Amino acid sequence: MNKRVAILCVAVALIFILPSTAVRNGGGYGTKNTDIISPETVKREILYEPDIALFDVRNIEEYNRGHVPGAVSVPLSKLLCGSCIGGLLNDYGDRHVIVYCGDNEMEGKVALNILSRNGIDASLMEGGIDAWKARNLAVESTSCPAGEGYGTGCIPLDSYDIDEENSIMVGTPADIPVRWDWRYATYRNKTGDWTTPVKNQGGCGSCWDFAAMGALEAIINIRSENPNTDVDLSEQYFLSCPAGSGGCSGWNAYWVYSWMSRNGGAITESCFPYEANDGIPCSDKCSDWQNKLYPITAYGSMRDPERDEIKSMVVEFGPVVAEMAVYGDFGSYTGGVYEHPGDEPTGDINHQVVIVGYDDSQQCWIVKNSWGPSWGENGYFRIAYGDCQIEHDIVYADFSPVIARVGGPYFGSIGGPIQFDGSQSYSYFSQIVSYSWDFGDGTTGSGEKPSHTYSEEGKFTVRLTVTDEDGKQGACKTYVYIDNT
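Counting from 1, position 371 in the sequence shown corresponds to residue 432 in our numbering; the numbering is continuous, with no gaps.
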């Protein structure tokens with residue numbers, strides 16, 4: 062029996078024995094005719110319903126070869142992972158999900174049942190991807206070629222409508238120095254290396270992951286005003302846990318930060334060590350992972366910014382993620398200012414890295430790579446301004462030194478007390494002095510461990526804001542699911 066058939070057999074069996082983790086109105090778990098919609102209907106909903114989400118439940122290789130535009134890869138094996146379902150509830154619990162499969166429609170029906178049993182409003186596209194193609198509807202493919210002997214893995218943002226309303230304002234270009242390098246910078250009267258050690262992504266197309274964590278780790282050092290904080294964040298967490306992650310086939314740091322903002326943050330490396338394998342289940346992370354989350358307070362991107370805007374961002378904000386095109390000669394780089402000969406269209410973008418500085422006298426960016434410390438200039442490289450599309454798309458995230466931690470998700474019944482716990486919250490600089498809760502049902506509370514009861518069933522968003530002695534604040538959210546039993 063091959064792996065695909067085995068997974069499907071297990072899935073069909075589990076449909077009838079697994080309890081749901083959330084309430085679904087209507088009670089029935091069978092696939093109704095109204096749950097099955099035509100490809101034409103799917104196309105209309107994509108155009109006119111902004112809250113639609115598309116799940117491709119085939120394996121990642123099939124997804125990469127061709128999928129409905131805008132669909133995310135959620136293999137059936139991921140839907141069978143209990144901890145992954147919790148992430149799906151957080152990401153898509155308030156949206157209508159349309160599922161489609163390949164030539165085995167039973168896979169789609171199994172996926173539909175799993176989602177429905179867990180409270181997600183879902184439909185199945187009749188005929189799967191084959192029916193979509195038969196109507197000559199557009200498909201897109203995902204291809205992330207690697208540099209010679211080294212992994213890349215960036216899916217560029219060019220094809221996506223990315224909202225830039227989160228843009229962070231920094232100083233004017235006239236204020237910036239002619240050279241800056243966060244490895245040797247003086248900040249708040251402290252001089253040191255504000256970056257973290259260079260890592261190696263190995264044979265996995267996870268550059269996006271290492272770039273996202275590399276930039277954020279440096280931001281944590283800067284915001285905590287200590288160059289030696291050096292939190293080591295887990296890259297494996299983002300290979301294994303987000304439902305829409307392309308894993309070793311590629312993703313983008315922007316989507317990492319977007320997912321973090323909705324799901325509590327990043328966890329530490331010790332909680333989920335890197336294995337360069339997107340087949341590792343999310344459930345392999347440490348049992349107390351909720352207490353090891355590092356949240357972000359903001360994230361965003363800049364499309365084709367002015368060069369001086371990037372410099373200002375690097376100096377006044379901190380290291381940022383940059384997309385770039387990697388060519389075969391780049392793998393043999395050993396030092397100096399790299400400049401690729403020939404054309405470099407945006408369509409060649411396939412890699413993400415961290416800009417940590419620049420040097421106007423050499424007309425170059427100073428950049429952290431993810432190919433280990435033995436490559437290049439101790440894992441770094443210098444690249445000519447504008448070369449390899451490195452200024453095309455900039456991604457960033459911010460961090461607060463006051464960290465609110467609320468745990469969850471929580472589950473309960475109408476009238477039953479829910480004990481919330483904010484005791485794992487902390488500040489780098491002083492003591493937490495207040496805990497402010499919004500329970501999501503129009504009521505609020507205070508205290509480190511408040512108890513609350515709900516008078517009706519449903520999914521509620523719970524928010525905690527903590528304040529330290531210096532008036533600095535941190536916030537986070539979780540969900541509580543209330544049923545009527």
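Since the hints were made in silico from the structure, they are not lab data.
None of these values were measured; they are calculated from a predicted model.
Careful, some of the hints might be misleading.
To be verified - The calculated label-pair distances, taken between Cβ atoms and stated as ranges, are:
#1 D390 - D369: 47 to 57 Å
#2 G389 - G503: 51 to 61 Å
#3 A445 - E377: 42 to 52 Å
#4 Y388 - G253: 33 to 43 Å
#5 N439 - N250: 19 to 29 Å
Backbone N, C-alpha and C fix where the C-beta goes; we use that ideal spot for every residue, glycine too.
Holds or violated: the 47 to 57 Å window for the beta-carbon distance between D390 and D369?
Given range 47 to 57 Å: violated, Cβ gap about 29 Å.
Could one say that the CB atoms of G389 and G503 fall in the range 51 to 61 Å?
About 60 Å separates the Cβ atoms of G389 and G503, which means 51 to 61 Å holds.
Holds or violated: the 42 to 52 Å window for the beta-carbon distance between A445 and E377?
violated, 23 Å
Status of the given 33 to 43 Å range, CB of G253 versus CB of Y388
Hint holds: Cβ distance 34 Å, inside 33 to 43 Å.
Range hint compliance [Cβ, N439 to N250, 19 to 29 Å]:
holds, 27 Å
Violation of the numbered hints given earlier is confined to hints 1 and 3; the remaining hints are satisfied by the structure.
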